[in-house]
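K.L.:
This is what each chain is made of:
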Amino acid sequence: MDADETAWEQRSVVRVVPPVQPRKLAKVPFVELADGRLQGVVSSGSDIERVYVSSIAAGTHDLSCSTNNNRPCGALHGYACKHIRMLADEAVLQYGLDRVARYLRVEVPEGAGLMSALNGTPQRTPAAVVFSRFLRHLAYLEVPDSTEPLAELHWFPAMGEVR
Amino acid sequence: MLDVQLGELVGDGPAGVEEALALVAGFDGALGHGFARVAEEDAAALAALAGALAGSPLGDRLAEAAEKVTAGSVADEHLAALAGGRAALFGAVHDALLARLDQALGRSRTSWPSAATTDANTGAASVGGATEVDAGAASGGGVPENVLAGCRVWLRELAITGWRGVDDDLVSGGDQVIEALLAVPGSRGLAVLLDGLAAELRASSPVATMDRVPVRRWADLWTRGLLLAQSGPWHGVPEPVSGRLLILGADVHEHATVVRVQVHGVLEEAGGQARLVRTSVAAAKVDTIVGPSVWRLFGGRPVLMGALAEHRSVEIDGMPLLPGGDLLWHDDRARTGAEADPFTTARVQLAGASAPATPPLDRHPVRIAEPVLVEGYTVDGHVLDLGGNKLTLDLDRLPTSCPLTPELVAASSACIGLVRRDGGRWLLQPLAVQATVKKKPVTVHNGDWATGPTDPKVVKAEAKAGDVVAVLRERAGRLLRK
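Residue numbers (the numbering used here), protein chains in the order written: chain X, 359 to 521; chain P, 222 to 703.
Mixed in with the good hints, there may be bad ones.
If you want a taste of the chain X side facing chain P, the calculated C-beta under 8 Å gives, among others [claimed, not checked]: (1) A365; (2) R369; (3) R463; (4) L472; (5) V487.
Derived list of chain P stretches under chain X, where covered just means 3 residues or more per stretch with a C-beta under 8 Å from a C-beta of chain X [stated by the list, open to error]: (6) 376 to 383; (7) 479 to 487.
With a Cα cut of at most 25 Å, we get these calculated BS3-like pairs of lysine-lysine [unchecked claim]: (8) X:K440 <-> X:K382; (9) P:K685 <-> P:K661; (10) P:K685 <-> X:K382; (11) X:K440 <-> X:K385; (12) P:K661 <-> P:K678; (13) P:K681 <-> X:K385; (14) P:K678 <-> P:K660; (15) X:K382 <-> P:K661; (16) X:K440 <-> P:K685; (17) P:K661 <-> X:K385; (18) X:K382 <-> P:K681; (19) P:K685 <-> P:K659.
Calculated from the structure, these hints are not laboratory results. Using N, Cα and C, we set each Cβ at its ideal position, and we do this for glycine too.
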């Protein structure tokens, strides 16, 4: 291990989570790389009360899409529906292609899109877990602000672009 | 800060810091491997930590903890003692470093009030003129014991497993308790700490596949988490203050689910000595709210944000001030005052202002953030040169939510910044600069976008992404209470 590595390991403030890029949230309000899946929530184009829960599994690349009430997406047959495609597009915007591809364990040829490199098949996964993670995500916006000193935040400086 | 002051700051020492940090590194290595089975080298590191503090009030407990943990018995009290020992070492390092900094700057600092008047954990019995809300913040915060116990369970699991063994399941084990912490205002510090740690562990899972593990950082977070999970926070008892607050600058802190603006300033009270204070507002958020959009979350504090954006002073009346120098901000006890250039404040007031003491358990080098004014320097890459003395610029701490950029810093000749310490060296985090761009003088402050970005290009980029805060609030309103 060289001196830089040692120095990095012995610093209190280092960047561990790569920054995410801003994107429009109207159609795909929630995307995450968690539980061994790229998963998220896609707003229905026709019904403002309905959302789809879509996912792509790491490794197997199994595809899943259903409504938050667990009704299967009618458009997912053998190949990805538009919800899964939108999820993938937004994930690439948010995390960058490299990070998404690494998480899903897929080689994306230079210049190709993420979806073209995947050939998973539909496998139902329960929507409830992802949907409840989305609700937990939204619940942060309901937490009141705080004026306490919060000295612990000195470990979490707001940072600039990776340089 | 003058060149001779900088020379004194960056000189050798202080003595003993390296030795103390070597003990910490040994402990951090042991924690990284986990306490499920303690190898010989790690057992020696735990014994060394206990040995170094044998003469301290923690001595007996630490010796027992090192012995028991090495033997495979990992009880809460043992982990608390080890965390206390590690924190004590950092406390000593912090004191030595801050004393060096104060001496170099010629800065006077108040001492922490004696234990009798500020026992932070005995509840709301003696809160003086403060309101009930403030008393809650000052005492243990009213955090339910079962929630704290849940935190200790998760932190214990992490300690037994060691960072290298952490996977998604172990990280998710902390979700429920973090949610419970977020619901209690008095435990926000512990909540944002554990949430930040969990997000880093999740992004790194399985940690065994990481090229390098941030052992110092995660041990810092684990230690502070464990101490906070004993009986809640330790802010001390606030006293109401009134006077004029002159803003020096804004420091922004952020991880996926929180953003906080911490304002550094000088408080002038009638007949009193000017003193350095901080005040802050933290808002919960999600990872997709980034860049200048984060300021939208502070819309509920128009007086503070307006003063930041317009470079104005603030008249405050009966605002609670904690002994650590933190004003508990109440927008309704503040009134926008006259224009006040932070560079003028820094030039006129900074040298004579008295600095606050650090709350005992907050004493850690990461907490050192001393406002200074530096002028007449040159910048070469990451390094500022003042009369031949050099100080590294912390250019990572130029947030995407703020207008300050490395280019502006490079072109600057005057800077208000925070002196920080990490990785064994002093750093300067710029908060504002006076620079020359295209032969014209410009002044840029971190807080300039507090009421919205002022750069047309940034306004346009933000408009393109849409109002993400509004979109998510709409989704929350529609889906959350079903």
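K.L.:
For which of the previously enumerated hints does the structure constitute a violation, in increasing order of number?
P.N.:
Violated hints (numbers, rising): 3, 4, 5, 6, 9, 15, 17, 19; every other hint is consistent with the structure.
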